[in-house]
Amino acid sequence: MLWRAVTVLLAVVALAVVLVAVFGDLLVSGDPGRIVAIPYSPPGPGLPLGTDYAGRDVLPRVLAGGRFLVLVPLFATALAAVLGTALGMLGGYLGGVANVLTSRLDTLMLAVPPILVLLVLLNGWGYSTATLIAIVVITGAPFVSRVARASTLQVMQNDYVTQSIALGESRLSTVVREILPNIAHPVLADAGTRLAIAVTLTASAGFLGFGPDAPNWGAMISQNIEGISLTPWGVVVPAVLLAVVTVSANILLDRFAAKAFSR
Amino acid sequence: MTMLYYIGRRVAAALLTLIAVSAVLLAASEVLPGDAASASLGITSTPEEVQALRDQLGLDRPLPVRYVEWMGGALRGDLGVSIMARRPVTEVVSAPLADTTLLVFLAAAVTVPLSVLIGVLGAVRRGRRLDRALTAGAVVTVSVPQFVMASLLVLVFSSTLHLLPAVSLAPVGGGPLDRPEILVLPVLALAGFATAWASRLVRAAVIDANAAPNVEAARLAGLPERVVVWRHVLPATVGPCVQAFAWLISGLFGGTAVVEQVFNYRGLSYVLVDAVRNHDTAVLEGVGLLLATIILVAFIIADVLALLANPKLRTATA
Amino acid sequence: MISIDDLCVADNEGRRVLDGVHLELAAGQRLAIVGQTGSGKTTLALSLLGAVRPGLRVVGGQVNVARDDVLALAPAGLRRLRRDLVAYVPQDPAASLTPTLRVYRQIGEFAADRSPGAVGRRLAEVDLPDDERFQRRYPHQLSGGQQRRLALARSMARDPRLLVLDEPTAGLDGPVRGRVLDQITRLVETRGMTLVMITHDLHVAARAADRILVLNEGRVEEQGTTSAVLLQPEAAYTRELLAAVPDLSELQQRVLVDDRPGAAPVLRVANLVASYGSRAQRRRVVDDVSFDVAPGECVALLGMSGSGKTTVARCVIGTHVPDSGEVRLGEQALTPDVSRRSIDERRRVQLVPQDSAGSLNPRRRVAATITRVLRVLRGLPAEEAAEETLRLLGLVGLPARLADRFPAELSGGQRQRVTIARALAAGPQVLVCDEMTSSLDVRVQAAVLDLIDGLRRDLQLAVVLITHDLGVVARMADQVVVLHEAKVCEQGRVGDVLGDPQHEWTRELVRAASVNLDVVSRP
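Chains as they are written, first to last, in the working numbering: chain S, 147 to 409; chain D, 7 to 324; chain E, 743 to 1265.
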C-alpha cells in the first residue's frame, strides 16, 4: 500500500516535470534573455530563483529551457528505434552476409563513445536541430539494431517462422506479422534507456556550450556552476529537473513495456 | 595454436574496425571543408588568404588521398598539425590525454571491485530488500546525466560541506597528482555512474550462472556453499564481467568529456571542445583516432581474458 | 531405506503439487516413479534429498531416508546426507557438469580417494576410458553418451546408498536406451544400492525396476511390484495409461487393409537425396529415399534421431531444398523451394510439426492463427473464414471458447490440436506429421493419434507419419519406410516389415521394442 502510494506520487511528480518541460514557456511573459539584476543574485522579491551568471532571471529560463530537451530526444529516439529495428531485422532475417555487415556496422558505431560522435558531427556539420537528431540516431540505432537482430535470430529458430511461407505468407508478411510482434518486447524494454541517453546527449551539447543562447537546462548548469556558492538555484533547479526527466523516461518506458507484454 | 589463431582473428577484426572508424571520422568531421581555413584566419580574412591556407593544408585534394596520407602519418606517430596552436597534434594532446587517462584509470580502479561487490551482493540477496534498494539506486544513477550528477556532487561536497575543492585545477607547473584531492570528486562522478551500470551486468551474470543446472547439481551433491560459489558459479561469470569492464573503458572516456568541464579539470575535454569551436579538425581527428585505439585494445584484452576463462573456446580445434 | 509419510507440497497459489504421498522402500529395491508431465514426480524425487524447487514449499508430512528425518535436517546435516547417502542425477546429465572442470576434478571433487588410479577405476566402472589423457579433458570434449556416463560416475563417486535418477533415458531411443538401462541396473545390482528413478515411460519402468509407483496430479494412484502393477493394475488411471501406450502387439489386433488397387498415389517421393552444411563439411542426411502415398493411406517414416526422417519431411514441405530427386503431387512435380511454390501447391501439402509450442506465434490468438490460413491459402472472405474456423476447432475436438486464447494459455495437447486444425484449414491432400506426439503424455498422445486416424479416413487424407516409436507405427501405419543413417534399409507393408523384419537394423529395433509390457516375467 505504501509502495503504491510512493509509486503514484513519483509518477505525478514525473508527469508534472515533463509538462513543465514541454509547456513551461507558455507561462513565460517577456524575454527570458533580459538582464534584470546583478549576476548571481540570491532569490528575492520578484526573483524566486535569483539570477544567473549574466544577471538574468533564472525562473523563466527554467520554464523555457526544457522543451527542446524533451521533444528532440523523443523524436530522435523514435527514429533510431524504427531504423535500428529495421536494420536489425534485416540482418537477422536475411542472415549470411547481411547479418555480418549489419553486425560489423553496429560494433563499429558502438566502439566510439557517443559524446565523441557528438563533437565530431558538431565540427563537421555545425550545430543545428538536424545535427542533434542525427547524433542521437547514429549513436542509438546500433544499440537498437543489436537487440533487434539478436531477438530476430532467436525468433527465427521457431517453427512458426520457418513454416509461415508454407502457410501462404510472403517474406515481407513473415517479417511484419510473425517476427516484429515477437521482438517488440525486448526492443521496447531497451527504449527507456535509449531515451534517457538521448536526453543526456542533447543536453550535453548545451552543457558543452554549443547552440544558441536560448534557455537550455544543460547550458544553464555549466554557465552557472562557477557561482554555485553564491546562489545554487541556477544549477540545482535545471539539474534536478533534467534528472527527473531522464529517470522517469527510463522507468516509465520500462513499466510501459512490461505492462504491454505482461501476458 | 588455435588460441593464437583466435586472438589473431580478433586483432585483425579490431584493425579493420579501426580503419573503418578512422575513415568515418575523417569523412564526418570534414563535411564542411574550407571552414577549417576560414575559421583559423578569422572573419576578416580575404578569400585569397583562405585559398592560400587551403592549399597549404592540402584541403582541396580528394578525401581518399588525404585519408591514406593521414593514416600513413599516424603510423609514424604524426597526426598532423593543429591549425590553432600551429604545433603538431601529438604535442598538443599528449599532456591532456595523460591527465584524462589518469582519471579514467582511477575511476576504473574504483568501479571494478565496487561493482563486483554490489553485483554479487544483489544476486545473492536477489529479490530481498537490499537487492531492490540497490536496483533502484542503480537505475536512478544510470539515468541521471553525468554532468548533472557531477554538479550535485559539487553542491554537496564543496559549496555546502566545504570538504573538497569544487575546481580541479592542477598547480602551475605540476600535474593533478601533486594535489590528489582535486581528483576525488571527478573520479567519484565518473565511478558512480560506471559502478551503477557495471553492477547490473555483474548481478545478471551471477544470477545466470547461479541458476545453471550444474550449480543445482553441485548443491544437490552436498558440496559446501563456499565450494559451490567459487568453483561452480563464479568461473562462469568471468567472461561476461570482463566484457562489461571493457565497455566501461569506453563509457568512462565518454564521461570525462562532460565531467572535466564541471570541475575545470584540464584534460582532453577542453582540447576537444576548443577544437570543435575553432574548427581545428586535425586535433579532433587525432584524438578520435587515439581514443578509438585505446578502446579497441581494451576490447581485445577483454576478449582474450574471456577466452582464457572458457575451456570450450580455449581448447577449440578449428 | 526410505519411508515417506503423508507428504504434501504446495505451490505459491496453494495448489497441491504432492498430496498425501506414502512410500516405503527397502534397501536394495529398485523403484520407478511413473507419471506424466506435471504429476509431481520430480518434486517427489527431490524431496528425498531434502530439496524443494523455488516457488514450492512442504506443507505437511515426513520424509525419512535411512535414519534421517530429511525435511528437519539443518543445512550441515543436509549436506552430509547428500554427500554420503543419496546421489541425484538430473534429467539432462550433460548440463549438470560444470564446463570449467576437467574430468578428474569432476570425479575427484567427491571421491575420498583422489589419486589418478582411483579416479580411473570410477571411470572404468561406467565404461569410460581411464587413461590420463581422458582424465584431463573438459566435458565439452566428450560425446553426449560419455557426458551422460561421466555424470553417473560422478554421482557414484561417494558410494551413495541411494541413487535417484530423473528420466535417465530422456532423449534416447531404440537400442541405445536399452543399453543405458542395462548399465544402470548392473551398477546398482553389483553395489547393492537402492534405486529410485523417475520416468514417464512404462517400458523403461518395466525393464529396470522391481517396484512401480504411479503418480497422477500429486496423488499416488497405485504402487506395488512391477509385475503386479503392469499385469493386474487396480487403479483405473493405470489401466488407462497401459491401454494408451502404443506397442507392437497392437499390430495383431488391427485389421490391416491390403494395398488399395486402383488408388493412384497423391504424393510420390522419388530418389530423394539431401545434405546439410557448407562445402567442406557437407553431410548427406537423406540418400535415395522413395515412397508413394495414396489418398487415405498412412505411410510411416521410421528412424532414430539422425536417421534423416525429418529432412525428408522438410523436402516434402519445401523448407529444405534437396540435392536431387523429386517430390510429385498428383501428376505434377513440386518446385523444391516452398517460397517459389504457387499458393495452391502450398495449400495441398501441410505439416503438423513436432513442437506445437514453437510452431504457433505466441502473440497471436488461436482463431487468428487459423483464420489467417483460410484467408491466405483458401481466399475465403472474412465472415466465412470466421465460421469455418469454429467448424475446424470443433472438428479437432476443441471447444469454441478456446478461440480467443493465446498459445501459452493452452495445454500441450490442445496446442497440438490447434496445429492440426491450422493444417486442415488449408484443405490439404497430404498431411505430414513430424513426431507430433513425442512431447505429449501417452493418454493425450493416444487421443491425438485417434484424431489423425479418423481424419485420414473421413477426409481421404494422405498421411506421412514421421516417428521413432514402433508402437505408433504399429497403431497407425499402412506402409512403413525404415530409415537408418540416411538410407532406406527396409520398406513395405507394416505387417510384413514389423512382423518379419529382413534387415539387421530393423530386427534390432523390433527386438528393442519387444521388451513390452506383457513380457514382464521377473519376480
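No wet-lab data here; the hints were simulated from the structure. Errors might be hidden in some of the hints.
Across the chosen pairs, the derived CB separations fall in these ranges [to be verified]:
#: 1; chain 1: D; residue 1: D280; chain 2: S; residue 2: L165; range: 21 to 31 angstroms
#: 2; chain 1: E; residue 1: D1200; chain 2: S; residue 2: S319; range: 24 to 34 angstroms
#: 3; chain 1: S; residue 1: A335; chain 2: E; residue 2: R1117; range: 24 to 34 angstroms
#: 4; chain 1: S; residue 1: F169; chain 2: E; residue 2: R1117; range: 39 to 49 angstroms
The C-beta atom is built at its ideal place from N, Cα and C for all residues, glycine as well.
These are the hints, each one checked on the structure:
1. Taking the beta carbon of each, D280(D) and L165(S) are about 38 angstroms apart, not inside 21 to 31 angstroms as hinted.
2. The given range of 24 to 34 angstroms is respected by D1200(E) and S319(S), whose C-beta atoms sit roughly 32 angstroms from each other.
3. Distance hint for A335(S) and R1117(E): a CB-CB separation of about 32 angstroms, consistent with the stated range 24 to 34 angstroms.
4. The hinted window of 39 to 49 angstroms between F169(S) and R1117(E) holds, with their beta carbons roughly 46 angstroms apart.
Checked against the numbered hints given earlier, the structure breaks only hint 1 and satisfies all the rest.
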